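Take a look at the letters that make up each chain.
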Amino acid sequence: MGCLEALKPEIILSQSSFKEAREYIKKNVREYHEVEPGYRIFDVHIIGVPPLYVGVEGENLIFPYTKPCHGTFVVKVAGGEEIARLRAGKK
Amino acid sequence: MTENDEQTALILLGCPQVPVQTSMALYLVHGLREQGIRPVVAGTPAARKLMETADPSRHYLSEMADLDDAIDAIAEKQRDFDLCFVFIHNDSGVAYAGTMAYISKARLYALLFGEHAEELAGEIEFPCEVVAAKAVHNPMPLKRRLDEVMQWAVSKR
Chain X
1 MGCLEALKPE
11 IILSQSSFKE
21 AREYIKKNVR
31 EYHEVEPGYR
41 IFDVHIIGVP
51 PLYVGVEGEN
61 LIFPYTKPCH
71 GTFVVKVAGG
81 EEIARLRAGK
91 K
Chain P
1 MTENDEQTAL
11 ILLGCPQVPV
21 QTSMALYLVH
31 GLREQGIRPV
41 VAGTPAARKL
51 METADPSRHY
61 LSEMADLDDA
71 IDAIAEKQRD
81 FDLCFVFIHN
91 DSGVAYAGTM
101 AYISKARLYA
111 LLFGEHAEEL
121 AGEIEFPCEV
131 VAAKAVHNPM
141 PLKRRLDEVM
151 QWAVSKR
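If you read the sequences in order, they're chains X and P. Quick note on the UniProt record's numbering: the first sequence kicks off at 1 and runs consecutively. Quick note on the UniProt record's numbering: the second sequence kicks off at 1 and runs consecutively.
Please note that the accuracy of each hint is not assured.
[Claimed, not checked] Computed list of chain P residues with no C-beta within reach of chain X, every gap over 12 Å:
#1 GLN7
#2 LEU12
#3 ALA54
#4 LEU67
#5 SER92
#6 SER104
#7 GLU129
[As the list claims (entries may be wrong)] Below are the DSSO-like pairs computed for lysine-lysine, each with C-alpha atoms no more than 30 Å apart in a straight line:
#8 X:LYS67 x P:LYS143
#9 X:LYS76 x P:LYS77
#10 X:LYS8 x X:LYS76
#11 X:LYS8 x X:LYS26
#12 P:LYS105 x X:LYS19
#13 X:LYS67 x X:LYS26
#14 P:LYS134 x P:LYS49
#15 X:LYS8 x X:LYS90
#16 X:LYS8 x P:LYS77
#17 X:LYS19 x X:LYS90
#18 X:LYS67 x P:LYS77
#19 X:LYS67 x X:LYS19
#20 X:LYS26 x X:LYS90
#21 P:LYS105 x P:LYS49
#22 X:LYS8 x P:LYS143
#23 P:LYS134 x X:LYS90
#24 X:LYS76 x P:LYS143
#25 P:LYS134 x X:LYS19
#26 X:LYS19 x P:LYS77
#27 P:LYS105 x P:LYS77
#28 P:LYS134 x X:LYS67
#29 X:LYS19 x X:LYS76
#30 X:LYS90 x P:LYS105
#31 X:LYS67 x P:LYS105
#32 P:LYS105 x P:LYS134
#33 P:LYS143 x P:LYS49
[To be verified] In silico contact screen, one side only, chain P against chain X (beta carbon under 7 Å); selected entries:
#34 ALA65
#35 ILE71
#36 TYR102
In case anyone wonders, no lab produced these hints; they're calculated from the structure. Nothing here was measured: the structure is a model prediction, and the numbers come from that model. Don't be surprised by glycine CBs; every beta carbon is placed ideally from N, CA and C.
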């Protein structure tokens, strides 16, 4: 998996459960899209149990990122071309 | 799956915080090999180091892989397995197992252990075989459950 650090993420929520991360995005991000487990954002595949949501806020993407030892984080990264791909519903 | 139809199994190891994980993973690798199934172990660096240190001559272990690399290969449909065993002792483990249920065609086994095994088992809402036991330091409760499910003990009598 590509390193999330390379995307210079802003950590919005730390060490939560994947359900808490899901609810956070659903409640706090106006535009969000449902994606499948394994959905790729840049070189990062999203881990989790459906439904998984990826949010769009301005030029940024907001998504859950699960680490084996530290739970699930909600992170914000610059979205670039990934925003259009997400909105188009492409895998 | 391989070209010669040899069955393969992926064993996913998360954070090795709970002692029984390494012992049970080696036991599982042994059992799979006895059944003629080729195990591939994927895990965090620490989880893999614990396995490799416990089996320096590689009597049990063969292929080892980085956890995220294994997920990447399956998600990108470059590789898949016949069986998949996910070791779970925390919420992240459930998330990884749920991902495997979705991206892989493997028959999925969720092996839950640790203090909160039963509670975590209640979180599993995707198709898989659940093997759960409250085992932290002593692997025997989980070993017994795994034996029941895999029926190794029976088949060897």
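Cross-check of the supplied hints:
1. GLN7: 23 Å, holds
2. LEU12: The assertion about LEU12 (chain P) is violated, with a minimum of 9 Å to chain X.
3. ALA54: Non-interface label stands for ALA54 (chain P): nearest chain X Cβ at 19 Å, farther than 12 Å.
4. LEU67: 7 Å, violated
5. SER92: Label violated. Min Cβ-Cβ 5 Å, cutoff 12 Å.
6. SER104: Violated, because the least Cβ-Cβ distance between SER104 (chain P) and chain X comes to about 9 Å, which does not exceed 12 Å.
7. GLU129: 17 Å, holds
8. X:LYS67 x P:LYS143: Measuring from Cα to Cα gives roughly 26 Å; hence the hint holds.
9. X:LYS76 x P:LYS77: 27 Å, holds
10. X:LYS8 x X:LYS76: Status holds; Cα separation ~9 Å.
11. X:LYS8 x X:LYS26: 23 Å, holds
12. P:LYS105 x X:LYS19: 24 Å, holds
13. X:LYS67 x X:LYS26: With a Cα-Cα distance of about 21 Å, the restraint between LYS67 (chain X) and LYS26 (chain X) holds, given a limit of 30 Å.
14. P:LYS134 x P:LYS49: With Cα atoms ~24 Å apart, LYS134 (chain P) and LYS49 (chain P) stay inside 30 Å; holds.
15. X:LYS8 x X:LYS90: Holds, at roughly 24 Å.
16. X:LYS8 x P:LYS77: 28 Å, holds
17. X:LYS19 x X:LYS90: 24 Å, holds
18. X:LYS67 x P:LYS77: 22 Å, holds
19. X:LYS67 x X:LYS19: At roughly 14 Å apart (the allowed maximum being 30 Å), LYS19 (chain X) and LYS67 (chain X) satisfy the hint.
20. X:LYS26 x X:LYS90: 20 Å, holds
21. P:LYS105 x P:LYS49: 28 Å, holds
22. X:LYS8 x P:LYS143: Violated: LYS8 (chain X) and LYS143 (chain P) sit about 42 Å apart, past 30 Å.
23. P:LYS134 x X:LYS90: 42 Å, violated
24. X:LYS76 x P:LYS143: It is violated: about 41 Å lies between the C-alpha atoms, which goes past 30 Å.
25. P:LYS134 x X:LYS19: Given that 30 Å is the threshold and the Cα spacing comes to 23 Å, the pair holds.
26. X:LYS19 x P:LYS77: 26 Å, holds
27. P:LYS105 x P:LYS77: Status holds; Cα separation ~10 Å.
28. P:LYS134 x X:LYS67: 23 Å, holds
29. X:LYS19 x X:LYS76: Status holds; Cα separation ~18 Å.
30. X:LYS90 x P:LYS105: 21 Å, holds
31. X:LYS67 x P:LYS105: 23 Å, holds
32. P:LYS105 x P:LYS134: 28 Å, holds
33. P:LYS143 x P:LYS49: 22 Å, holds
34. ALA65: Violated - the Cβ of ALA65 (chain P) stays beyond 7 Å from chain X, reaching only about 12 Å at its closest.
35. ILE71: 6 Å, holds
36. TYR102: 4 Å, holds
Hints 2, 4, 5, 6, 22, 23, 24, 34, counting from the list given before, are not met by this structure.
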